[in-house]
Every structure is written in C-alpha cells, then in structure tokens.
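Using the hints, position chain B against chain A.
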Amino acid sequence: MKAQIDKLLSVVADYFPMVVRKPAPRFVTERGNRVYGLVAEFTETPKVFHAAEHVRDAGYSKWDVHTPFPIHDIETAMGIKTTRLPLMAGGAAIAGVATGALLQWGTTAILFPQVVQGKPYDAWQAFLPITFELGILFTAFMCIFGMLALNGLPRFHHPLFSHARFCHASNDTFVIAIEAEDPNFDPVKTRELLEKIGGTHIALIEDEN
Amino acid sequence: MTQIAANHPAPAATALQDTEWDARLARIAADKRMSKDNTTLEPGALGGVMKMFLGVGVLGLIVTLIGGFAINPYHALAAYEVGVFTALAMALGGLFFVMVFHSLNAGWSITLRRQFENVAWMVRWVWVMMIPIVLIEILTKGMLFDWLDPSKVAESHLLQVKEPYLNATFFGVRFLIYGLVWITLSTKLIGWSMKADETGDRSLGRKARFWSGFGIPCFALTTAFASFDFLMSLDYRFFSTMWGVMYFASAALVSTAVVTLIASRLLARGKLVGLVHEEHFHDLGKLMFTFTVFWGYIGFSQYFLIWYSNIPEETAWYLFRQQNGWQWLFVVMTIGHFVVPFLMLVWRKTKRSPKLLSMVAIYVIIITAFDMVWIIRPMAYLNAGPDAVDPGFASWNVFLDIAGVVGVLGIFGAILTWKIGRSNLLPIKDPMLHEAMSHKNYV
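Residue numbers (the numbering used here), protein chains in the order written: chain A, -1 to 207; chain B, 143 to 585.
In case anyone wonders, no lab produced these hints; they're calculated from the structure. Watch out, some of these pointers could steer you wrong.
Have a look at the derived ranges for each label pair, beta carbon to beta carbon [unchecked claim]:
| no. | chain 1 | residue 1 | chain 2 | residue 2 | range |
| --- | --- | --- | --- | --- | --- |
| 1 | B | S382 | A | K117 | 16 to 26 Å |
| 2 | A | A107 | B | W560 | 48 to 58 Å |
| 3 | B | A165 | A | D4 | 57 to 67 Å |
| 4 | B | G249 | A | F14 | 47 to 57 Å |
Straight-line C-alpha distance at most 30 Å; calculated DSSO-like pairs for lysine-lysine [stated by the list, open to error]:
| no. | chain 1 | residue 1 | chain 2 | residue 2 |
| --- | --- | --- | --- | --- |
| 5 | B | K304 | B | K428 |
| 6 | A | K79 | B | K491 |
| 7 | B | K428 | A | K79 |
Counterexamples of contact, computed for chain A against chain B with all Cβ distances above 10 Å [to be verified]:
| no. | residue |
| --- | --- |
| 8 | V10 |
| 9 | R32 |
| 10 | T198 |
Every residue gets a Cβ at the ideal spot worked out from N, C-alpha and C, and that includes glycine.
If we strip away everything but chain A, and leave its shape as in the complex, we get:
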C-alpha cells in the first residue's frame, strides 16, 4: 500500500513539483542525485532481442528497450503484458450508455414528462442515438486519457535525455534501460547482468532533482 501511495505521489510530483515533494529515492549518487537507472547499448537487432529476453527472465518489470525502428515481437521478448485499456474502455462504454439512457429516461419520462411529436414519454427509439453517442464519447475519452494515464504522457522531460549517448537510440543504437524503481534493481547486480548479456557503454543515469 505504501509503495502504491509513493508511486502516486511520485507521478503527481512530476507534474506539480510545487505541491508534492517526490518520495525519497531508493538509490542516490555520491552527489546526492536520485538514480534513474542503468542503460546499456547494443548494436545489432538480434543481440538486443535476446538481451531483452534475458532481462525479462531475470524478473525485471520496470525497464524498456529503445530502438530506432520497430522490432517485431519485441513485446514477447520483453514479456509485456496485454494492456488493461480495453477493460477500462469497456467500463467507460457502460458508464456512457447508462448516463445517456438514464438522463434521457429520467428527465423525459419521470421528472418532466412532455409530449414531443405525439410520441410516448418513454419512447426508447428517441433515446437511442444519444445513448449511443454518449457511449462512444465516454469510450473515446477513456481510450485517450486512459492511454495517457497508463503510459505517463505527456511529460516535459525524461531523465534519459540527460544521457548524451541516448540520442543514438533514434539513429543506430539499441538501448536497454532498467529503472532504479524496479524492486529487483541492484546497482552491482544489474550492471553485471547488462554486461553478461552483451551490453556496452553501460552507464548510470542520474535524475536531476
């Protein structure tokens, strides 16, 4: 529970640093900056693909692979689970349909009955278009904002950009970044793992406080 509250506070602190202070980091550098994580570079697609499999098998969950182009099946190599977004969108759809149906039925059939075109007060046919549209609207909003909430976008800055070599990830280099927030993260062991799976230019990324 405390971990989840910390996580939430950390997200809020990213956007409103004047309101909330970020929880104390697990790892700090000698200068006192929080540690974002470790990055390692790879030069070939198959290598980074198999490296990703190793990281996945080592049990890491908060990490990412940065590539200049899409790699097929990298999501299985990384062990990314299916998104929860469809369920959230489904819930929003039900909420939208319920809102549309109840608002119209409640107002025109019960609260303020009114004859429109000689139709019955509770003519479901007339409610359907708006019910449908509200269902679509709520679903679309949930898809967009749920997606943004789940992937943490938009954001002004990312700690990885402070690493000068990281810009090669959009050109000719593959980068694996393991975050310090991962429960399995250990400055020594994680570095050893990255070395073992063939990563080069392994570097510790500092987050500027």
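Here is chain B on its own, set in the frame of chain A:
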C-alpha cells in the same frame, strides 16, 4: 524521340522482375507448410459431410414441397424464399470479399481467399434456386408479389404508378441481368485464381484486380436491385433507400461466418495448419463484428427515421411486424441480431479462438435466416389471409419453415462441400502468400 529515350533511359522498373517472381514462388512452394498433404483434401474426404448435407437438403425440400401442396403453398414458398435469400446472402458476400481482396491487393486474406471464392462460386446455384421462385410468382400471377396480379393492379392507383418498374417482363429481364453479372464475375475471378494455381502466370492477378475494380459497382447495383425486387417488393407499398445496404450488410456478415466455419472445420481435419491460424480468425471475427455493428446501425437508422416521421405508408411495414403475433421477431432482430453478437464478438478471446468463433458463426448464420424470416414470412401471412398461415410460429406448422430453410441450406452446403474438395485449399501460387502466412495483429 528515340534519341531522347536513348539518352534518358526509363528508371529501372520498380515492379518485380520475372526471375524474382519465380524465385518468390519457389520460396513459397519450398515452405514445409505448403506440402500437398496440408493444402489439399484427399479425394472423397468430405464425402460423408456432403452426403449428410445432401440428405438433409433433399429431405427438407421434399417436406417443403409436400407441405406446399398439402398445407399451404404461400407458407411453403415463403419458407423456401427464406432459405434461398439466406443462401444468396452467403454467396454474394463471398463474391464481394473476393473482389475487395483483389482490388485492395490484400495480403492477410490470401490463405482464406480460396474459401471465399468457393462461397462466391455458389452464386450460380443460388441463382438456379431462385428460378423456381420467379417462375412460380410469374405463373401464379403473384403468389407473394401483389404487383404481378393484374386484378390488383387494376384497382390500385399505386400499383399502376409503379407498373413501369414492377411488371413481369421487366422483372424477368432484371433477374437475367443479375444472373449474368453475378455468374460472369464469379466465373472469371475464380477461373483465373484456379488457373494461377497451375501456371503461376503473373498477369492473372492483375486481370482479377482490374475486373474487381468495376465488378464492385456492378455487384453493388445488382445486389441492391435484387433485394428491391425480391424482398422489398413483397410489400409494394413500402420503400426504403437503405434496403439494398441492409441486404448487403447481411451478405457480408453471413459470408464471413460461412468462411470462418469452413476454415475451422478444415483446421479440425488437420488441413491448412500454420497457414490459417488465430490471427486470421481474429480478422474474420473483426469483420463479423464490423458487419454486425454495420447491420445494426443501418437497420436502426432505417427504422428510426420511419418511426420519427410517422408517415402511414412507411410505418405500415414495421407496424405490421409489431402485431399479429410477429412482435417477438422484433426482439429477435434487435437483441438477437445486434446485442448478442456484439457482446460475443467484442471480446478478443472469442475472435482468436477458432472453436468459439465458429460457434458464433453458426449463431450468425441462424440469425441471418431469422433476418430473412422477419422480411419474408409476415408477407405470406398477409397475402394468404389470417386463416391460411399461422402468425409467428405458433403451431406445429413451423416444421414447414424449418424444412424450407434447412432444405435450401443443405443443398447449398452439399454443393459447397463438393466444390471445396475439388481444388487446392488456398491459391498456392499467389506471390503474397508469405504475407498471409506470417500475418499478425499487433492489437
């Protein structure tokens, strides 16, 4: 000119060279999934299935025929029509998808295209099954078509106004045109596909694409007008510009269901392993979902405008189907044809499982038959008078409805099964086959 051409040669052709083409076909043929065992059925493998379909079909048609003479010819003809127009929807939908795949150069569907082609090929036999309807209607002077009855035309101003379109001669001519268009398109497209199986000639695919281009508008017009002539004219007072689109929606929906069923049955027999997999079923499921929603959207739009404007000549059609014991059909259409398939197909798991999806496919075929019941059956009741035919399916006479539908669909299934067994189960020399093999949905 020659000088210029020599100095500025055309840029190297971006299309595949013939050698590359042959190399690609050789690569595809060398794939171990393309073994003869996997891509063809042994002769007679489907004999049992075919005999079952044939038995059921012949029995159903005989029962319908006897019922027509012994009980009520209106009822029997309506039951037969329900079956024929369900079958026509299947075949026309198949034809539509074959042309769409050709004209869009679709990659994912190549391993399924032969099955769509087989379903489209059936259009000739459905057309043959429509001949008795046309003959009976014309010879009996409008058993279910009021507008073919001269005595009714004489006393109805509306029928006189509509006579230039709704008359026996023009009806016959249009029926021949529909047959010509459908049979020509299906024969050409499927013939080239079969020929490409043997020769691997690269001009055939291009020809098919060219023909699909103008084939789709021809298909659209003939389908729409056929549905006007045979289904909307059952009640000559009614008119809806959405009618053709409604029938097209049913066609696209039910043909996808039929192909899903064929593909899952072939997989169960150990054919097309690795060639048709869950990704293809996912897409078939998406198409089924699409056309369920499309059908619902079009159907509701048509109903909604008529309901709101409340003009008697339009509302009569719906009003008649909401009373006289037909009320339950309205619920079957709204809940059964839209809500239930929507909720079943909205789940990703249903779409990706051949077993679950083929169960949905059977349901979709049944509910499409109910769609035709909703359009056709009440008219038999109206034309034959309340005493002659039961409203709804209240009495034991319902066996006639079942016999008509099962009879026609049985014959359809028998011929389709025979056709499936006669050729390769996929176009084996299609240059984009590798795309379909490695097809993957990233959603």
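* With a cut-off of 30 Å on the C-alpha distance, tell me whether K304 of chain B and K428 of chain B pass. => Roughly 41 Å between the alpha carbons, so the hint for K304 of chain B and K428 of chain B is violated.
* Proposed proximity, K79 of chain A with K428 of chain B (alpha carbon, max 30 Å) -> 22 Å, holds
* Asked: A107 of chain A and W560 of chain B, beta-carbon distance inside 48 to 58 Å?
  -> 57 Å, holds
* To do: Mind verifying the non-interface call on V10 of chain A? Its CB should be farther than 10 Å from each CB in chain B.
  => 31 Å, holds
* Using the C-beta atoms of S382 of chain B and K117 of chain A, is the stated range 16 to 26 Å upheld? -> 21 Å, holds
* To do: For the range 57 to 67 Å, tell me whether the beta carbons of A165 of chain B and D4 of chain A fit it or not.
  => Cβ of A165 of chain B to Cβ of D4 of chain A: about 59 Å, so the range 57 to 67 Å holds.
* Asked: Does the alpha-carbon distance linking K79 of chain A and K491 of chain B stay inside the 30 Å limit?
  -> Roughly 15 Å between the alpha carbons, so the hint for K79 of chain A and K491 of chain B holds.
* Asked: Checking the smallest CB distance to chain B, is T198 of chain A really beyond 10 Å?
  -> 30 Å, holds
* Taking the minimum C-beta separation from R32 of chain A to chain B, is that value above 10 Å? -> Holds, since 35 Å exceeds 10 Å.
* Does the Cβ pair G249 of chain B, F14 of chain A satisfy 47 to 57 Å? -> Between G249 of chain B and F14 of chain A, where Cβ atoms are some 48 Å apart, the hint holds.
When the structure is compared with the earlier hints, a violation turns up for hint 5 alone.
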